[in-house]
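Participant: Spelled out, the chains give:
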Amino acid sequence: MQRDGREILLEVRDLRTYFFTEDGVVKAVDGVSFHVRRGEILGLVGESGCGKSVTSLSIMRLITPPGRILGGQVLFDGIDLLKLPEPEMVRLRGSRISMIFQQPVSCLNPVFKIGDQIAEVFQVHEGLSRIEGWKRAIELLQMVGIPDPERRAHSYPHELSGGMAQRVMIAMALALGPELLIADEPTTALDVTIQAQILDLMRELQRRMHTAIILITHDMGIVAEMCDRVAVMYAGQIIEEADVRTIFADPQHPYTRGLLGSIPVMGVVKPRLDTIPGTVPNLINLPPGCRFAPRCQARLEHQARLGNRCLEENPPLFHTGPGHQVRCWLYR
Amino acid sequence: MATAELRAEALLTVREESYLLIVWRRFRRHRVALVGAVILLAFILIAVLAPWIAPYDPYAQNLLLKNAGPSPAHWLGTDELGRDVLSRLIYAARISLTVAFVVTLISQTTGALIGAISGYFGGWVDNVIQRVVDFMLTLPLLPLLLTVSALLSDVTLPGLTREWSSVVIIILVLSLFGWMGSARLVRGVVLSLREQTFTEAARALGMSDLQIVIRHMIPNAMAPIIVSATLSLGTVIILEAALSFLGFGVQPPVPTWGNMLNNAQADMWTQPFKAIIPGFCIFLTSLSFNFVGDGLRDALDPRLKR
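So the sequence lines, in the order shown, correspond to chains A and B. Heads up, the working numbering is the position in the first sequence plus 28, with the first residue counted as 1. Heads up, the working numbering is the position in the second sequence plus 601, with the first residue counted as 1.
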């Protein structure tokens with residue numbers, strides 16, 4: 029499987045994950061398709077509640093009731109993860125695909141030393157003894173830039189700052205050299221200066237270990253700095269996908285333009301930043317047409333050409349350039 | 602960079618105080634628990650050192666000296682077969698405490714494991730386990746224990762005499778009906794732990810459900826388990842004494858405080874201290890375990906700082 033030179037590592041096809049709640053069926057992920065090449069960083073962008081995290085948890089098959097993966101394929105190195113028996117999936121997690129989360133401190137077990145927790149990864153996956161695992165843990169702490177790792181390994185999670193804890197989580201996630209790392213808002217809970225350090229660390233390790241990363245974020249600044257390609261999600265669907273230069277130079281979907289308009293640009297003086305009016309639609313009672321239509325300014329501007337189509341029919345993804353897809357009737 | 606290192610250094614020296622030390626300092630402030638702990642330690646020492654402390658062999662009969670009152674040779678007198686009461690009391694501490702510790706170990710461990718599985722997996726597994734727990738908790742404990750031990754009272758285990766079989770059987774019976782409390786407790790703790798991010802992170806790192814239950818859930822529930830185990834020790838002492846007193850527990854000549862109490866009934870009016878003293882031992886150990894449990898509950902409470 030070759031596309032643009034590099035081999036495709038992960039291909040998600042028409043993934044659908046719904047949550048069956050008492051209020052109704054929440055279509056958190058509704059027909060999402062994208063791919064990640066080896067060694068590439070893909071940004072998955074969108075507002076809170078648009079299905080970014082559920083997408084990543086579905087890839088890891090960590091969805092718990094009332095959530096359920098209803099359909100689609102997750103092809104990882106040619107294997108459909110959704111069809112893999114659970115014991116094999118367990119072996120794959122942490123060794124070939126890893127994940128880091130938003131709240132690093134609460135990701136660590138409060139009652140164990142961090143050295144033990146890193147060592148545990150080796151104990152579980154490679155059957156190393158506690159002492160051997162501990163040695164490897166110290167090497168990893170060194171690798172992720174924690175000073176005085178021999179002593180730090182004896183710390184408990186509550187003794188670490190958020191940045192330190194995220195370094196520990198990165199160490200654990202990369203311990204076995206996975207091919208894919210899913211980073212779910214890894215820096216959202218951290219101070220800005222620490223954010224930059226963590227991102228630098230991730231990029232450095234990504235280059236050294238040639239790990240592909242799915243970087244989930246709502247921060248377009250991070251996207252610009254880190255990613256090779258971007259997929260923008262809205263209300264459970266991908267609405268635009270392109271490489272990072274194209275997204276910033278030529279954003280096509282009105283929602284993507286709105287996202288970019290709501291961040292300040294150096295040297296451009298605006299009386300106030302643009303905002304996107306309205307809120308994300310309720311994922312239980314989705315509008316029949318385009319999911320962004322109720323908030324869409326472009327729809328009103330182009331009413332004459334589009335008519336009421338936006339409100340009646342959800343658009344498919346249209347190819348508008350090499351590797352550039354948009355889910356909007358404007359580009360038909 | 603230099604400032605960052607300085608700060609890390611400062612943090613490292615502040616946290617030298619270990620968790621155990623903090624717990625001990627909080628426990629020490631609980632006076633009654635401290636007294637309880639000292640009493641229990643004394644009882645445990647007596648039990649361990651019984652062969653060196655006891656003045657006589659607790660099984661040696663002296664039919665010429667039956668039912669004797671206190672004397673310099675026999676401080677607490679002798680029983681109806683002329684055995685030294687003090688020696689039997691000391692050896693009884695061994696049996697009663699051993700039974701209490703073994704029963705607690707078995708019942709609390711199985712309880713914790715069952716509770717953790719129940720809470721972690723939820724769904725129908727949880728439902729089935731909790732209904733079994735409800736069922737067992739509604740059964741009246743003492744009549745049930747009496748019936749089961751009566752049914753098993755004639756069973757002799759291979760390699761053991763009848764009396765020592767009764768010790769093993771009483772341990773099994775008490776364990777069988779003692780795990781529900783800790784199962785409920787641990788289930789509750791695990792239900793809340795399951796929702797925390799570190800459980801999800803552990804799964805994302807490739808840990809299986811069983812590994813998460815054993816390596817992550819149960820260690821996090823350790824504080825309430827220790828408290829419940831300590832309180833259970835007191836309860837088991839009383840239950841064993843009650844069964845032995847009623848004749849369905851540990852069989853004579855193996856001495857326990859319960860069956861000594863039973864033995865002393867005949868002389869209740871002439872030599873009341875022979876009943877009072879084993880009764881007092883039961884009372885004291887059970888009360889001490891409860892005090893220590895209370896003290897530990899306060900000391901281990903993670904919400905209290907320092």
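Bear in mind the hints are in silico, worked out from the structure with no lab data behind them. Here the structure is a predicted model, which is why all the values come from computation and not from measurement. There may be inaccurate statements among the hints.
[Unchecked claim] Below, computed lysine to aspartate or glutamate pairings styled on DMTMM-like, alpha-carbon distance capped at 25 Å:
hint, chain 1, residue 1, chain 2, residue 2
1, A, Lys141, A, Glu116
2, A, Lys141, B, Glu796
3, A, Lys141, B, Glu801
4, A, Lys141, B, Glu681
Participant: Now tell me if each hint is right for this structure.
Facilitator: Hint check results:
no., hint, result
1, Lys141(A) - Glu116(A), "28 Å, violated"
2, Lys141(A) - Glu796(B), "21 Å, holds"
3, Lys141(A) - Glu801(B), "18 Å, holds"
4, Lys141(A) - Glu681(B), "59 Å, violated"
Checked against the numbered hints given earlier, this structure breaks hints 1 and 4; the rest are met.
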